[in-house]
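A.B. asks: Sequence:
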Amino acid sequence: MDYGKLLEKARKSLPDAVHSAERFEIPKVMGHIQGNRTILSNFHQIANVLRRPPEHLLKYVLKQLATPGELKRMAVIIGSKMGASRINEVIRQYAKEFVICIECGKPDTKIEKEGNVTFLRCLACGARNPVRAKI
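Be aware that the sequence shown starts at 790, since it is given in the numbering used here, and climbs by one per residue.
Simulated from the structure, these hints should not be mistaken for laboratory data.
Treat each hint with caution, since some may be false.
[Unchecked claim] Simulated DEER-style distance windows between Cβ atoms: (1) Ala855 to Lys801: 20 to 28 Å; (2) Lys870 to Lys798: 37 to 45 Å; (3) Glu901 to Ile815: 21 to 29 Å; (4) Gly904 to Gln882: 43 to 51 Å; (5) Lys798 to Gly904: 32 to 40 Å; (6) Glu901 to Lys794: 45 to 53 Å; (7) Lys794 to Lys902: 52 to 60 Å; (8) Pro857 to Gly904: 29 to 37 Å; (9) Ser874 to Asn825: 35 to 43 Å; (10) Ala873 to Leu796: 38 to 46 Å; (11) Asp791 to Arg840: 37 to 45 Å.
Each residue gets a CB set at the ideal place from its N, CA and C atoms; glycine is no exception.
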């Protein structure tokens with residue numbers, strides 16, 4: 790057998806999940822409810838994966854959840870009981886709006902401000918798209 794046929798045979802024997810996996814996956818929030826507050830222990834890790842400042846991500850999350858909260862050294866404290874699925878959904882919305890490139894769908898982006906306009910610039914394809922500046 791030649792190399793091409795062997796390669797094709799190997800690819801067919803792989804499970805479908807290997808073919809469709811994305812290299813960009815947002816970690817699920819980890820935390821617990823303490824009294825009437827929700828404490829997220831891996832918020833900084835999520836912000837690092839998204840390559841955005843934790844303050845920016847937190848401001849968006851708190852506004853979408855309509856709840857108070859604060860950023861501590863290693864955790865985020867949300868001022869109400871909040872389910873992890875709801876927080877994960879808001880973080881996915883944030884990634885779609887402020888991280889993922891509209892043109893190519895890659896997460897290799899950077900937020901740049903020019904005058905009064907804020908742009909999402911893709912480092913992979915070079916696209917520049919305006920994003921809403923105020924959260």
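A.B. asks: Give a verdict on every hint.
C.D. replies: These are the hints, each one checked on the structure:
no. : hint                         : verdict
1   : Ala855 to Lys801: 20 to 28 Å : 50 Å, violated
2   : Lys870 to Lys798: 37 to 45 Å : 53 Å, violated
3   : Glu901 to Ile815: 21 to 29 Å : 22 Å, holds
4   : Gly904 to Gln882: 43 to 51 Å : 26 Å, violated
5   : Lys798 to Gly904: 32 to 40 Å : 56 Å, violated
6   : Glu901 to Lys794: 45 to 53 Å : 48 Å, holds
7   : Lys794 to Lys902: 52 to 60 Å : 53 Å, holds
8   : Pro857 to Gly904: 29 to 37 Å : 32 Å, holds
9   : Ser874 to Asn825: 35 to 43 Å : 19 Å, violated
10  : Ala873 to Leu796: 38 to 46 Å : 41 Å, holds
11  : Asp791 to Arg840: 37 to 45 Å : 42 Å, holds
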